[in-house]
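There are 2 protein chains.
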Amino acid sequence: MDIMRELAIENEKKIVLLVMDGLGGLPMKTGGKTELETASTPNMDRLAATSECGLQTPLGIGITPGSAPGHFSLFGYNPFNYQIGRGVVAAMGINFPMKPGDVAVRINFATKDNEGNITDRRAGRIPTEECAKLCDLLKDLRIEGVEVFVKPVKDYRAVAVFRGKGLSDRVTDTDPQATGVKPLKARATSENGEKMAEVANEFVKQANEILKNQHPANTVLMRGFAELPHIPSMKDMYKLKPLALAVYPDYKGVSRLVGMDVIEGLTSLEEQAKALEENWKDYNFFFVHHKYTDSKGEDGNFDGKVKEIEKVDAFLPKILQLEPDVILITGDHSTPSFLKSHSGHPVPFMIHAEGIRPDDVTTFGERSCAKGLWGVIEGKMLMRLALSYAGKLKKYGA
Amino acid sequence: MDIMRELAIENEKKIVLLVMDGLGGLPMKTGGKTELETASTPNMDRLAATSECGLQTPLGIGITPGSAPGHFSLFGYNPFNYQIGRGVVAAMGINFPMKPGDVAVRINFATKDNEGNITDRRAGRIPTEECAKLCDLLKDLRIEGVEVFVKPVKDYRAVAVFRGKGLSDRVTDTDPQATGVKPLKARATSENGEKMAEVANEFVKQANEILKNQHPANTVLMRGFAELPHIPSMKDMYKLKPLALAVYPDYKGVSRLVGMDVIEGLTSLEEQAKALEENWKDYNFFFVHHKYTDSKGEDGNFDGKVKEIEKVDAFLPKILQLEPDVILITGDHSTPSFLKSHSGHPVPFMIHAEGIRPDDVTTFGERSCAKGLWGVIEGKMLMRLALSYAGKLKKYGA
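If you read the protein sequences in the order shown, they are chains A and B.
Start counting the first sequence at 1; every next residue gets the next number (the working numbering).
Start counting the second sequence at 1; every next residue gets the next number (the working numbering).
Isolated chain A, as found in the complex (with noise of 0.2 Å):
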């Protein structure tokens, strides 16, 4: 990081890092195609041809990505020194200002029977706007010495902030992770985090109170207690003017996080690239992030993510029009629908500029890939070659 700080240089050049999260995937049976390798992406296929190809593996080999970690390599920082709680990738998601000493939490709102078991952990999915509702009601919460924000997030999902003194996120979730059971008490991991951990069961107390007549969301369970770590943004390591175009309030959390600025209110692919072109004249990094690839794949919906990607290759003319300086193409992670989640497996990336070294790679796809330039990389040299073929890198040494 530092080296990236010291050699970092302005200029005009734009760079676009597209990302279709959890991109990287598998057969379904042995012998088979990948979702990536089965979708037809002729545009993928013919900046291929004139980009360096590789695979990369966002935390290093065999290790599972998280989102923010995953983005956190492509954005080129080391993962593994900036923990990201849920909770702050969720208040960063919603553009709350959060400040040092606050600690966040995601708050699902859920459903309890009359024992006090949990019978759904997300309130029969409720939409966003019924979800509002539900968190200008807990404004009337009150704990002494604390402030507390409840704001939205997305359907049941919420976010809690706490500000006041001598709290600290060494807090364990009330989530139980499971239905039938009742919800745990929030419980200190060190003697730092026992104010926190008593705030955090007298706000569930008085939620279920203030909620006690709703249906079905009549209470709450709380994830990811966290605080909000000191980032160095993009700006300062890279000297970029960094913008993000994302639909999912995650991926803008995570791009506020490393000071990118964010355009709100985006829904699709079009107003991605509607927004990327208003946007064009203004900044010189542009994070396109797209999420469906990524919830196909956690539905094990093998095709569903084939037509994603496909809708991506569709999209990239969109970008390419717009002539940027370098185009890289990744994921954050792999999220083969043949495994329903996350996994290890090194992701296919491509990178398109003047001056870049092509390689044989034709096509777009993991095992094309696999043959390309690069071999397997850590996922965070890839802002380096970005950075790099944008002449944002000056020589080292003399």
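FYI, nobody ran anything at the bench for these hints, they're computed from the structure.
Mixed in with the good hints there might be a few duds.
[Said to hold, decoys possible] Here are the simulated DMTMM-like cross-link-like pairs (lysine to aspartate or glutamate), alpha carbons at most 25 Å apart as the crow flies:
#  : chain 1 : residue 1 : chain 2 : residue 2
1  : A       : Lys-33    : B       : Asp-360
2  : B       : Lys-371   : A       : Asp-175
3  : B       : Lys-395   : A       : Asp-175
4  : B       : Lys-395   : B       : Glu-378
5  : A       : Lys-29    : B       : Asp-45
6  : A       : Lys-14    : A       : Asp-359
7  : B       : Lys-151   : B       : Glu-191
8  : A       : Lys-340   : B       : Asp-325
9  : B       : Lys-371   : A       : Asp-45
10 : A       : Lys-340   : B       : Glu-354
11 : A       : Lys-33    : B       : Glu-354
Put chain B on the given structure of chain A with help from the hints.
Same frame as chain A, now just chain B:
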């Protein structure tokens, strides 16, 4: 390592690590094939076709591994963090219960002439039974303030363990590594080695007196003074229940150092296969070691090494019929017959499991594996892959 400890979870999935010692090779002449490429290995080739393949460097590029660090790397440890002296490996190999503070050293029974010059560093390779008798004679040794244990290992090799206050392994060998010269005096390499150096020289003096009428073994040479390092066990690190199936003492030794259980008394691949089956239910990690690929390489016996590889290939179905969830086949280093020694060349590997991403490799060899999915990776990454594909590593981060 810490990340592994943080992410490891326990499950019943079974991993087999099959090591052909010194597997990697070289052609004997330009344009030729390596030992592995020459060997007929239908079972390994078939497995390679549904495996991820690559080459691994146990200690990084260009470093020639000794046996202990080569294996530490395969067990997922950073071999540079755990320097294991020869004495400790020998003591562990015969299951001597070393305690913290003990110093162990490898002993060769040797022959000296009337002038005290060494004429045979291995005393005519006396058999193990003779070695045991000589070790018994050395029980009469008395050194003030120090307990001394002398135990036979194999042939002319024994091990001495010194127990007492203020001992350290900062002491040089007495073995001159040549004949026609006198043994060296043990010398302290730092202040805290002075007591051990005195003890060692006193040991040699008394041993010479005790052995003076013995033939051909009338003296001892000492190599590799070593203290017991603190090494976290594979159980602590990976939540595994590991078993070692090795014929040679040193490999039982390195296995014990990482907390593996060890089956004693095995003398052949057939017995290793039988023991594997008998213990299949009780463990979830199995280290199967074959020594003679290395021995033949050290002898410069190309054809002999080819035959040893073919023996292991014929043995492979006995492992596969147990249906391990993950099987990893590789070597701890290269021992090219051409060089008659260990070398730093990368070692072929293949890993087979459900959910691997097959590459185009259909034969197990140096050049074919170089074109595999992984290219050249660090040896210690293999354990990560094995754990990952066995579902024994949880996701990192939110």
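Hint check results:
| no. | hint | result |
| --- | --- | --- |
| 1 | A:Lys-33 / B:Asp-360 | holds (12 Å) |
| 2 | B:Lys-371 / A:Asp-175 | violated (47 Å) |
| 3 | B:Lys-395 / A:Asp-175 | holds (18 Å) |
| 4 | B:Lys-395 / B:Glu-378 | holds (22 Å) |
| 5 | A:Lys-29 / B:Asp-45 | holds (20 Å) |
| 6 | A:Lys-14 / A:Asp-359 | holds (23 Å) |
| 7 | B:Lys-151 / B:Glu-191 | violated (28 Å) |
| 8 | A:Lys-340 / B:Asp-325 | holds (19 Å) |
| 9 | B:Lys-371 / A:Asp-45 | holds (22 Å) |
| 10 | A:Lys-340 / B:Glu-354 | holds (14 Å) |
| 11 | A:Lys-33 / B:Glu-354 | holds (15 Å) |
Checked against the numbered hints given earlier, this structure breaks hints 2, 7; the rest are met.
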